[in-house]
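K.L.:
So the protein sequences, as listed, match chains A and B.
For the first sequence, numbering that gives the first Met the number 0 begins at 0 and goes up steadily by one.
For the second sequence, numbering that gives the first Met the number 0 begins at 0 and goes up steadily by one.
The reader is advised that the hints may include incorrect statements.
Unchecked claim - Chain B stretches covered by chain A per the calculated footprint, using a threshold of three residues with CB under 8 Å from any CB of chain A:
hint	segment
1	6-19
2	23-29
3	76-84
Think of the hints as simulated: they come from the structure by calculation, not from any bench.
Since this is a predicted model, take the numbers as computed values, not measurements.
Beta carbons are placed, not taken as given, at the ideal position from N, Cα and C, and that holds for glycine.
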Amino acid sequence: MSLEKIVIIGSGPAGTRAAETLLRQGCRNITGISEAPASGGQIYRRQPAGFGRQADEVYGSEAEKATALHRSFDALAGSIDYRPNALVWNIFDRKVFTNGPKGVDEIPFDRLVLTTGAMDRILPIPGWTLPGVFTLGGAQIALKHQACAIGRQVVFAGAGPLLYLVAWQYMKAGAHVVAVLDTSAFANKIAASLKLLALPRLMFRGLKFRRDLKAKGVALHEGVRLARVEGTQSVTAISFEKGGKKQWLACDAVGLGFGLNPEMQLAELAGARTRFDRTFRQWVLAHDGEGRVAEGVYVAGDGHAIGGADVAELTGERAAWAVLADLGLPVSAERQSVIRRALKRQAIFREGIEQSFPLPAEWLADTPDETILCRCENVTFGEVRAAITELEPNDVNRLKAFARPGMGRCQGRVCGHVLAELLAAETGRPLEEVGRLRGQAPVKPLHYKAAAGKAEGAVQVQQWLEQADKVLEDG
Amino acid sequence: MRLGEQARPAVEIKIDGKRFSCLAGDTVLTAVLLAGRHLRQSEFGDGPRAGFCNMGACQDCWMYRADGERVRACTTYVEGGMDIYTADPQHHVA
Ligand SMILES: Cc1cc2nc3c(=O)[nH]c(=O)nc-3n(C[C@H](O)[C@H](O)[C@H](O)COP(=O)(O)OP(=O)(O)OC[C@H]3O[C@@H](n4cnc5c(N)ncnc54)[C@H](O)[C@@H]3O)c2cc1C
Ligand code: FES
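Using the sequences and the hints given, assemble the complete structure.
P.N.:
Below is the structure:
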């Protein structure tokens, strides 16, 4: 048994499996914190109370896994200090700073497990800030969590497995899907098929989505270049190019996404380092192979590198075994080796996915100047280009300071990688050399709730931030 | 648009002072979009905005309560009698 204080952030597949393993192996002082009102994370997100759809209606072929995960979490929630609806907005001095229904709080930890998930990776196209344009994940949440479609005539555009999955889920739920505009050519998928066969079930599921969509008369266009989302007050159409031919489709909503970006800001605040992954064309958290990123800090799931739900469950358990080993408690070498083998197969499949759906980053060079790059601060591609030419920043953090992109409410979650791509493209340097926007507290805006007392909470938060800044400067 | 789950109890809220009937379990974002409205005007004058990520990450969906307190529409559920604004009502008392 161990009474060391273990804090787990996130209650998705990774957080759930981490908590379950730690609890089963004798850890008795666990705090589980999640911004979400319920467990399940993104993929197995639960519907609010009062909704009546059965699991197979909401989660389709993944209903069994979803139900199993929910059951696991419900069984353990009473045995840990579970804090839903609580945002972790800073990690500093071996304390986790939260803002929840009872106001702001700080929780000291001995060990910290971060399973913060991911969000959609976006390439801005003209018109992407119009009402009616949502991320692919956002479109899926509307359906799963609210039983709503984002529009009456929906186009799904971009790249990645979510593209076909969400289109298929919309079609099944009775929404009108006008078309799927896939920016990756069919040839890319053929080339990747051997790797995708590492997980035949998932590969065939993907093929089924395509077949079903076609059978229902949904237009599938592959190898397209998205031109713009049309409209002035809201979406009226989307235009694109395929094989040199300009095309145009009327619609009132667009689901847009190009894979996912890991949510790493908290891990960075906790001392984790990042590394650039060439295959994924993105930054991920550097760990020791078992999820250790810093002294007493562990990571798992899509928040450390994109792997999908099964990888999240596996790495959640893996991180728990690492914690147990470091606590000097018994570990199961057998489970660890099962996990290692499963992750190897998953990694081959993930490579296949990346090869099937490469990020069309080369578009950015031609994105019109007036297109918005940073939707929080309304900075355009033209303004960023001008800042690059005039000020010759050598790193994205500099560029941010000069031109304001990535400074807004979202903390660069949406546009940070776009900024890096653009800086790399305009200066002819490799992407990994221009750096990435550093995570900063508060990782999300704080709104101080009644319980802490408005003024009191605000003052306290300000003091914490100043204290943190001072230590960072001194260090 | 709704694709089902319509058997939930009705909840009445006000959006920019106009009454709108939605359902318990709706997020503010869902309700406002069903009412056929955008969530806010961009502070920079480039037009209306209506949320984006739907998961509390992009911060594009902040709206206001009558007292000027801000509400993230995609992660806030509707409550009977809620009074929601697309612009800060405290700044419009001219
Ligand atoms: C919108 C969306 C939809 C997706 N749909 C699918 C799908 O249908 N199929 C699929 O295979 N994959 C899907 N994915 C990929 C998905 O990320 C993984 O499959 C899976 O959910 C990853 O599990 P996880 O535990 O790593 O993270 P998540 O499931 O994302 O869980 C992250 C947890 O961390 C919490 N959290 C994050 N930041 C904070 C913070 N600052 N403070 C407090 N709590 C925090 C969240 O509330 C959540 O509980 C989707 C991803 C997104 C973003
Ligand atoms: S829509 Fe992105 S935070 Fe609400």
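K.L.:
If a hint holds in the structure, say so; if it doesn't, say that too.
P.N.:
Verification of the hints:
1. With a cut-off of 8 Å between beta carbons, the segment 6-19 of chain B has 3 residues touching chain A; three or more are needed, and the interface restraint holds.
2. Given a C-beta distance limit of less than 8 Å, the hint that chain A covers the segment 23-29 of chain B holds, as 5 residues qualify and 3 suffice.
3. Counting residues of the segment 76-84 of chain B whose beta carbon lies closer than 8 Å to any beta carbon of chain A gives 1, which falls short of the minimum of three for the stated coverage.
Hint compliance for this structure: hint 3 alone is broken.
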